[in-house]
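Starting from the given sequences, assemble the full structure and let the hints guide the process.
Each chain, letter by letter, is given below.
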Amino acid sequence: MNQDDANLFSKEEMQTLRLFFLDQAWLILESVDKSLVALEENSDDKEALEQIHRSLHTLKGDLYSIGFSEIGHLAHRLEDLLKFFQSGSDKIKRAALEMLIFGMDSMGKMLHKKQHSLDEEVENQAYLEKIELFLNGNSSEKFFNQEHYIPSKNKQALQTTDKLRIPISKVDALFKIVDELIVNRAILNQICKGILQEYPNSQQIARLQEVELQLGQKLGQLQEATLKVRMMQLSQLFAAFSRIVRDLARRSGKQVSLEIVGEETELDKRIADAIYEPLIHLLNNAVDHGIEPCDQRIQAGKPACGRICLRASQQSEQVVIELEDDGCGIDLDVLKKKALSHGYISFTEYSEMADIDALSLVFLRGLSTADRLTEISGRGIGMDVVKDVVERLSGKIEVSSLLGQGTRFTIHLPITLASLKSLLFKVNENLFALPVKNIREIINTKTFHFEDGAKQVTLHNQTYRLIDLRDLVYTESDKDQPKNRFLLVLGTGGEENSAILVDELLGECKVVVRTVEQDLRSVVSTVSVLTDGQIVRLLNIDLLLQNREQQARIVTN
Amino acid sequence: MVDKKFLIVDDSAAMRQLLITAIKKLDAIKQLTVVEAMDGQDALRKFQDDLFDIVITDVKMPNMDGLSFIEKIRRELGNRTIPIVIISTKGDESDIERGIRAGANAYLLKPVSIIRLREIVTKLVDLQ
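Protein sequence lines correspond, in order, to chains Z and B.
Note that numbering that gives the first Met the number 0 has the first sequence beginning at 0, numbered continuously upward.
Note that numbering that gives the first Met the number 0 has the second sequence beginning at 0, numbered continuously upward.
Quick caveat, the hints were computed from the structure, so don't treat them as lab data.
A few of these clues could be false.
[To be verified] Counterexamples of contact, computed for chain Z against chain B with all Cβ distances above 12 angstroms: (1) M0; (2) R17; (3) D22; (4) H52; (5) S54; (6) G66; (7) N183; (8) A205; (9) C293; (10) V319; (11) V398; (12) L401; (13) K436; (14) P481.
[Said to hold, decoys possible] In silico DSSO-like pairs for lysine-lysine, Cα to Cα no more than 27 angstroms straight-line: (15) B:K29 x Z:K10; (16) B:K45 x Z:K10; (17) B:K24 x Z:K10.
We put the beta carbon where it would ideally sit given N, CA and C, even for glycine.
Pasting the structure below:
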């Protein structure tokens with residue numbers, strides 16, 4: 000469809016058609032996935048072959064017809080790939096099948112992107128080039144003879160790929176409503192308690208409170224259930240990695256095998272999507288700069304084939320992804336020298352720096368010994384960007400390394416950014432929330448004494464820095480400070496132990512974080528609006544403690 | 000202004016939707032009825048059950064392809080008059096020739112030009 004054709008339709012008609020085409024394309028993709036798995040089991044499966052053949056043909060026709068030519072073009076090349084598959088020997092079949100799987104995955108990615116920006120052309124260059132390279136066969140000899148050719152591990156990935164065919168925006172919308180309900184319920188809970196105090200003997204109110212409690216439980220379940228919708232298995236993310244590592248290894252003339260453990264671990268889709276590029280970067284680094292060439296490895300008494308291990312696991316509310324290689328490790332001396340020459344550290348620091356501190360230099364801009372343009376991501380991202388992405392996702396990244404033995408990166412990510420179990424409280428009549436994980440202890444101020452305006456407080460023989468949130472929350476008219484206030488003792492996350500002082504506790508709730516894209520580095524990391532117009536602000540405690548100058552930002556109206 | 004009944008045959012639901020949306024915009028048609036079929040076999044059954052003003056069909060389809068479907072209409076059922084339009088990705092001269100020889104009145108290539116399709120339909124079902 001060209002522009003003239005498109006002009007015949009109204010904007011709405013065009014939008015509806017395009018979305019319908021995308022839906023259909025997804026359905027076809029799903030059926031091809033199934034047939035590919037069948038083909039992997041039996042490369043002579045005539046029925047599967049015919050099904051794929053027809054599907055690709057339909058996809059091509061559909062995509063060109065609606066004007067998604069860049070994706071149609073991919074379908075076209077996949078048709079060629081299928082012909083190649085049919086004509087080839089067993090060895091070729093195996094490789095061609097892997098390529099087909101890669102192609103279908105790529106198409107999935109393109110469709111996904113298209114769904115988000117219907118009017119924009121989606122990048123297809125990288126995918127096409129790969130397939131082209133394969134079809135032209137100039138590297139196929141080498142390709143097939145690769146000693147460490149990794150057979151497809153995609154079966155499970157294929158079966159689970161894109162079961163979630165709901166635009167994430169719809170899930171987000173659902174979330175928002177659940178979120179508001181939950182906060183509403185917290186307020187209802189407070190009101191109930193208030194009434195009960197006034198009329199302690201009312202049967203009706205006791206009944207009301209009972210119902211309110213049940214409502215709370217059901218809402219909690221509803222929230223859990225909605226949360227699960229956002230989860231995807233990491234196998235979907237990792238599916239492409241075996242190929243990527245193989246390609247990287249081939250290009251650098253090394254032998255590398257990739258072991259993947261725990262790919263069934265689930266992670267919020269938005270987080271998983273965001274962490275994809277950083278992981279590729281780490282893999283890239285591991286192959287290019289971690290794993291040594293075969294002869295060097297043999298000299299060092301290691302197996303010729305390098306090993307990278309990607310491990311994922313869930314640890315309470317976090318997903319931990321470890322990427323470990325058995326390569327040469329990070330040379331701290333080189334790293335420190337670089338840091339010195341970049342002016343990041345002084346000469347004294349250079350000579351006195353502990354190894355563990357020196358290692359973290361790897362995350363500084365321009366300092367990772369491996370900064371260069373990566374072919375995979377198409378743009379040069381450095382370790383600083385990797386760290387930045389992880390931290391934006393409220394996660395953290397650590398590195399450990401032994402010279403000559405290897406390097407390990409450990410990434411901790413929250414399972415979801417969608418909702419954080421939080422304590423709801425009031426300061427100067429404003430609603431705030433703080434993730435429960437940050438709070439170690441809650442103390443009513445009537446149980447101990449401290450000076451007004453004190454900057455420190457001693458608890459259990461330990462001194463805590465005291466932050467009175469009243470100092471940070473400005474309102475036009477300050478309400479009187481309640482007699483009893485509450486001290487929230489924070490976890491030992493920051494450098495110093497701290498406690499914050501709030502006015503009134505309202506109970507627990509889960510606060511939904513609407514978008515991951517928003518800057519999580521501001522002190523107030525998310526804002527929920529209640530239906531009655533009240534606003535609850537989720538505090539980002541690390542930053543509250545770190546950037547004291549930013550604190551003034553919490554200005555309410 | 001006239002009432003018209005179309006038979007649209009394509010194994011792609013998306014394509015059918017596109018064609019229907021395009022045809023619906025033809026102002027000369029007062030009441031448009033569209034019957035959809037997803038392959039030649041399905042189409043043949045529906046064709047025999049009803050009276051259509053035009054058939055628009057894909058070629059490559061499971062069970063029975065478009066060419067066989069057209070041949071059945073023209074030869075077995077002996078219907079020489081109903082206008083038939085082929086819309087296909089196959090665009091070699093031999094493909095087109097086979098289509099016309101089977102009995103199609105027009106042969107359009109995918110990606111189909113909606114403007115051209117409207118012109119052809121307008122002409123074939125005499126909408127001027």
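Taking the hints in turn, this is what the structure says about them:
1. M0: violated (6 angstroms)
2. R17: It is violated; Z:R17 is separated from chain B by about 10 angstroms at its closest Cβ, not greater than 12 angstroms.
3. D22: It is violated; Z:D22 is separated from chain B by about 8 angstroms at its closest Cβ, not greater than 12 angstroms.
4. H52: violated (9 angstroms)
5. S54: violated (10 angstroms)
6. G66: The claim is violated: Z:G66 sits with its nearest Cβ about 7 angstroms from chain B, within 12 angstroms.
7. N183: Given that every Cβ of chain B is farther than 12 angstroms from that of Z:N183, nearest at about 41 angstroms, it holds.
8. A205: holds (57 angstroms)
9. C293: holds (48 angstroms)
10. V319: holds (42 angstroms)
11. V398: At about 48 angstroms from chain B, Z:V398 clears the 12 angstroms cut-off, so the statement holds.
12. L401: Label holds. Min Cβ-Cβ 56 angstroms, cutoff 12 angstroms.
13. K436: Holds, since 47 angstroms exceeds 12 angstroms.
14. P481: Holds: least Cβ distance 63 angstroms, greater than 12 angstroms.
15. B:K29 x Z:K10: holds (23 angstroms)
16. B:K45 x Z:K10: Roughly 33 angstroms separates the two Cα atoms, so the pair is violated.
17. B:K24 x Z:K10: holds (14 angstroms)
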